[in-house]
Amino acid sequence: MTVADITARPLAKPARANGRGRYTALSVGLGLLLGVLVVVPVVLMFLGAVRTGTFVDPRAEFSLRSMLAVYTTLPYLRTLAITVGASLLVSAIACATGIALAWLIARTDLPRKGWMENSVIAPLYLSPFVGALAWLILGSPNAGLVNVLARDVFGMSGSVINVMTPVGIILIMALYNVPYAYMTVSSALKGMDPSMEEASYLNGAGVFSTALRITFPVVRPAIISAFFFVFVLTAGTFSIPAALGGTQSMPFLAVDIYRSTATYPVDYSRAAAIGTLLFWISLIGVAFYRFASRVASRFVTVTARGYRTRFIKLRGWKAPSIGIIALYVLLAIVLPYIALLYVSFTSFTSSSISAARWTLDNFQAVISSVSVRKSLFNTILVSVLAPTLAVMLAIVLAYSIRRLKVLGGATLDYVAMFPIAVPGIVFGTGVFWTYLMTPVYGSIWILVLAFVATYIPFAYRMVDTSLIQIDKSLEEASAICGASHWRTASQITFKLIRPGVLSAWILVFIFSVREVSAAIMLASPTNTVLAVMSWDYLEFGNVQNAAIVGLLQTALLIAGILAGRFVFRVQLSQPT
Amino acid sequence: MIKSEDARPLASGRRSFLRATVGTAMLAMFVAVPALAQEANPELVAAAQAEGTLTFYHTTAIDPTATWTAAFTEKYGIETQNVRGPSYPLFDRWLTEERVGQHIADVIQITDTVLIEAAHDEGLIADYTPASGEGIRPEMKKEGVWYTAFVNAMGIAWNTDRVTPEEEQMILEQGWDTLKDLRWKGRIATGTPASGGSSYSYVYMFLGGERDTFGPDFVKAMAALEPQVYDSKSPMYDRLAAGEHSIVDQASQSDMGGFYLSGAPVRWTFPSPTPANLTVQTISANAPHPNAAKLFQEWAMSSEGQAAWFEVAGVLSAREDTVDPRKTNGTDWYAEPWYSDPENLYIDYLADPGYVDPAKPIIAEWNTIFQR
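Order-wise, the sequence lines are chains Y and F. The numbers in our numbering rise by one with no breaks, and the one at position 518 of the first sequence is 518. The numbers in our numbering rise by one with no breaks, and the one at position 371 of the second sequence is 371.
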């Protein structure tokens with residue numbers, strides 16, 4: 001993000017303390033909007049957990065059966081412990097990798113940093129479950145391409161890697177979460193005043209000692225924020241563990257939720273009850289995340305200007321460092337895309353490349369498929385509408401809370417962050433019930449509403465951070481010169497937060513193209529998106545077509561990102 | 001088989017009769033002459049064309065179904081909107097939509113007749129008897145309610161790169177008993193009966209209808225091999241073709257045929273008795289395009305509609321007068337020495353109390369055995 005370019009000053013005191021009454025309508029309006037978008041689906045999730053059937057099932061009645069089973073019986077509590085433990089591990093690995101990569105790229109004299117940075121965040125352009133599918137093709141114990149090659153070429157026995165184990169699942173989940181950790185920590189590092197590090201060097205401290213005693217403590221809030229963010233995202237992920245062997249490989253709460261809604265007896269009550277359990281866990285993570293990100297945003301940009309970062313000379317460590325980044329790029333991008341391209345161009349998934357039957361038929365079939373074309377169109381529509389509306393709402397929210405100090409601002413702030421705590425698949429069910437009896441149901445708009453609600457926390461937090469960092473005196477100068485409130489906002493504030501807004505738009509765009517959990521729950525004949533097509537192909541069609549649709553998603557994401565970069569000059573990561 | 005006859009003489013008599021009927025019908029397939037396409041009522045065609053579109057909730061694979069419905073669109077100019085889902089969640093969702101008045105689906109295709117009959121009792125299924133339904137075998141329809149589109153037999157499949165010729169011979173000779181052989185430990189995969197009608201029907205034979213022959217001991221012996229259990233069968237077939245698994249059960253002709261044609265090293269057999277399940281279609285009582293739904297049902301049950309399915313998948317027809325042309329010509333897998341048709345289809349379980357029990361107790365029993 002380019003937010004650090006903007007000078008930040010301590011927050012000015014509320015300028016309009018006695019004018020709050022004027023914004024009551026705005027406050028109530030925003031409250032109602034967030035209420036419908038966010039609170040109703042979550043409340044319905046809780047209500048669904050205490051019924052024996054769906055809301056419209058004539059035989060359903062009130063019951064604590066599911067809640068008791070989920071909250072008090074051993075299988076669920078064991079799965080809960082494994083989910084929390086695995087998510088913490090994923091977070092720790094992703095953050096350690098993200099920190100190392102961020103430090104190497106932001107602080108050392110590595111060459112081609114722009115290219116390296118783009119490589120590090122490139123896994124964002126692949127839908128996580130398509131990435132999991134790629135790793136299944138590469139690393140399943142018997143037929144994984146890597147294992148078969150190791151056996152055929154190097155005469156090794158057994159399997160070199162096995163992704164269908166707890167360790168495998170944790171590492172794959174960590175791999176696809178590294179970009180989030182990287183972006184947060186990198187942004188903090190780039191915004192940090194390097195003079196403290198300079199002072200450390202001048203006093204004779206070494207690179208390692210300085211990194212450990214100066215750099216690390218300063219960016220610690222960003223690291224904590226990234227840690228809990230990745231933790232919450234991971235705990236709610238169902239597609240990666242589901243694709244890599246499901247419960248048999250590693251029990252995971254989100255997989256249990258999916259199975260409750262997809263296998264007999266279809267039990268929405270149990271799914272909702274597990275959802276509430278996951279909700280509390282995530283809420284704790286979100287509380288830490290909120291705390292840390294607030295501290296981080298206060299910390300990071302205090303005096304980020306007028307200094308030139310001294311890049312540490314890696315000398316003999318340059319080659320190993322480049323090796324680490326190359327290894328990450330190999331594991332997160334090169335190998336998965338090779339696997340996806342391999343299955344896309346072969347008639348079946350052969351573990352022996354020499355025995356593979358190469359064909360263009362799959363591509364032709366997918367490209368000429370009417371359903372795929374429709375879903376491509378739907379995906380474009382949703383991925384433009386959802387981020388646009390989410391960012392607009394985020395601007396209004398942030399401006400109202402931060403600048404207009406509307407009534408109940410703290411509550412609005414909290415509610416806007418709520419959806420992070422709800423896993424997509426559970427939120428999808430809540431959204432399903434919220435709109436079932438409205439004309440929105442089954443249309444493209446139910447997806448747009450679901451995505452706006454799901455991603456409002458990201459958009460809001462990014463826009464809010466931009467707003468915090470704008471020197472209020474600029475707006476006050478405008479007001480003193482006689483500019484109206486609206487004119488000040490449009491000419492000064494909104495122009496200054498534009499980079500943050502565009503970054504938020506791009507991030508929500510990426511999420512909207514990739515999102516599968518909620519979209520599966522809300523799919524209808526007319527609103528199918530690429531992510532759902534890909535999942536359906538994987539589950540009920542063939543892996544070849546699932547891979548091709550996954551590649552189409554990547555193509556769409558890259559097109560969107562390139563458009564953002566060259567048309568709007570927006571980047572997900574700020575320049576080094 | 002004898003034990004089961006002792007246990008339920010009446011039902012078993014019916015079964016023997018049906019088996020004989022199916023057997024005769026299958027024999028007749030070799031010599032069957034394609035029936036003349038039955039043309040639908042022009043008034044119905046006009047009314048359906050005025051509606052112009054049709055929403056089809058289906059459970060068969062995505063692309064083959066799209067090709068199949070495209071043949072209907074080409075003939076009548078009526079576009080179809082296909083929605084694919086696994087039987088249980090798809091049907092559950094349709095029920096929810098109907099109960100709140102969101103009428104979206106016109107025709108629903110699933111693999112569980114019990115659910116359809118329950119919805120019929122609730123008044124959510126249209127009573128319609130397609131004229132072409134007359135040609136559907138008597139045991140494969142409930143007149144006016146549901147009609148079978150396809151019959152899928154399920155057997156054992158293996159990857160020839162992962163199984164030795166001796167092992168292949170053993171599979172062919174031992175039939176179902178091979179699924180208890182310890183040599184498959186860590187090499188076998190299966191599907192959970194909780195995933196849908198076809199897997200449920202398959203497991204029902206072992207734990208329900210033919211319990212005296214197989215029963216929990218058989219399933220326990222299979223569980224002892226620690227199979228990889230899939231919630232959905234398509235990924236399991238893909239992993240078999242890749243060689244992740246040496247052998248799988250619940251192998252359907254429609255899927256294995258597709259892998260065979262793509263050059264995958266797979267073969268399959270139908271041990272006796274061969275569980276088969278019906279893919280059935282019904283019309284929603286509140287179908288937004290009722291005439292298009294009726295016309296589609298007419299077409300799907302006609303010899304023309306059934307023959308169109310053979311263009312994309314190899315299954316048995318629910319009609320006696322329709323046969324897979326590959327079979328008639330002896331091409332593809334029909335020409336392979338290892339292939340033979342199922343001889344003793346296990347299909348007359350639809351009225352069994354154990355099968356229609358909405359609690360589906362065998363799923364819980366299977367879950368206990370497999371510790372899931």
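Any given hint could turn out to be false.
Under 10 angstroms between C-beta atoms, here's a sample of chain Y residues computed to sit facing chain F [what the hints assert, rightly or not]:
| hint | residue |
| --- | --- |
| 1 | Y258 |
| 2 | G442 |
| 3 | T528 |
| 4 | F540 |
Label-pair ranges, simulated between beta-carbon atoms [stated by the list, open to error]:
| hint | chain 1 | residue 1 | chain 2 | residue 2 | range |
| --- | --- | --- | --- | --- | --- |
| 5 | Y | W280 | F | D357 | 35 to 43 angstroms |
| 6 | Y | L327 | F | D357 | 54 to 62 angstroms |
| 7 | Y | S354 | F | M170 | 22 to 30 angstroms |
| 8 | Y | A81 | F | P325 | 26 to 34 angstroms |
| 9 | Y | R498 | F | Q371 | 51 to 59 angstroms |
| 10 | Y | L381 | F | V100 | 52 to 60 angstroms |
| 11 | F | Q169 | Y | R151 | 53 to 61 angstroms |
| 12 | Y | L327 | F | A221 | 42 to 50 angstroms |
| 13 | Y | D57 | F | A221 | 36 to 44 angstroms |
| 14 | Y | V36 | F | G175 | 54 to 62 angstroms |
| 15 | Y | A81 | F | K185 | 28 to 36 angstroms |
No lab work stands behind these hints: they were computed from the structure. We treat Cβ as the ideally placed atom computed from N, Cα and C, and that holds for glycine.
Each hint tested on the structure:
For Y:Y258, the shortest C-beta to C-beta distance to chain F is roughly 9 angstroms, which falls under 10 angstroms, so the interface hint holds. Of the supplied interface hints, the one on Y:G442 holds, with its beta-carbon coming within about 6 angstroms of a beta-carbon of chain F, less than 10 angstroms. Taking 10 angstroms as the C-beta cut-off, the interface hint given for Y:T528 holds, the closest approach to chain F being about 8 angstroms. Given hint, Y:F540 at the interface with chain F, holds; its Cβ is 5 angstroms from that chain's nearest Cβ, closer than 10 angstroms.
At about 36 angstroms, the beta-carbon gap between Y:W280 and F:D357 stays in the expected band of 35 to 43 angstroms. Evaluation of the 54 to 62 angstroms hint for Y:L327 and F:D357 yields a pass: the beta carbon distance comes to about 55 angstroms. A C-beta distance of roughly 28 angstroms is found between Y:S354 and F:M170, which places it inside the suggested range of 22 to 30 angstroms. For the pair Y:A81 and F:P325, the supplied restraint of 26 to 34 angstroms is violated, since their beta-carbon distance comes to about 57 angstroms.
Between Y:R498 and F:Q371 the Cβ separation comes to about 57 angstroms, which falls inside the hinted range of 51 to 59 angstroms. One distance hint, 52 to 60 angstroms for the beta-carbon pair Y:L381 and F:V100, is violated here, with the actual separation near 26 angstroms. A hinted range of 53 to 61 angstroms for the beta carbons of F:Q169 and Y:R151 is inconsistent with their spacing of about 26 angstroms. Here the CB-CB span from Y:L327 to F:A221 is close to 45 angstroms, well matched to the stated 42 to 50 angstroms.
The hint said 36 to 44 angstroms for the Cβ distance between Y:D57 and F:A221, and at roughly 39 angstroms that hint holds. Between Y:V36 and F:G175 the beta carbons are some 59 angstroms apart, a value that agrees with the proposed interval 54 to 62 angstroms. Taking the beta carbon of each, Y:A81 and F:K185 are about 29 angstroms apart, inside 28 to 36 angstroms as hinted.
Of the numbered hints stated above, those contradicted by the structure are hints 8, 10 and 11, listed in ascending order.
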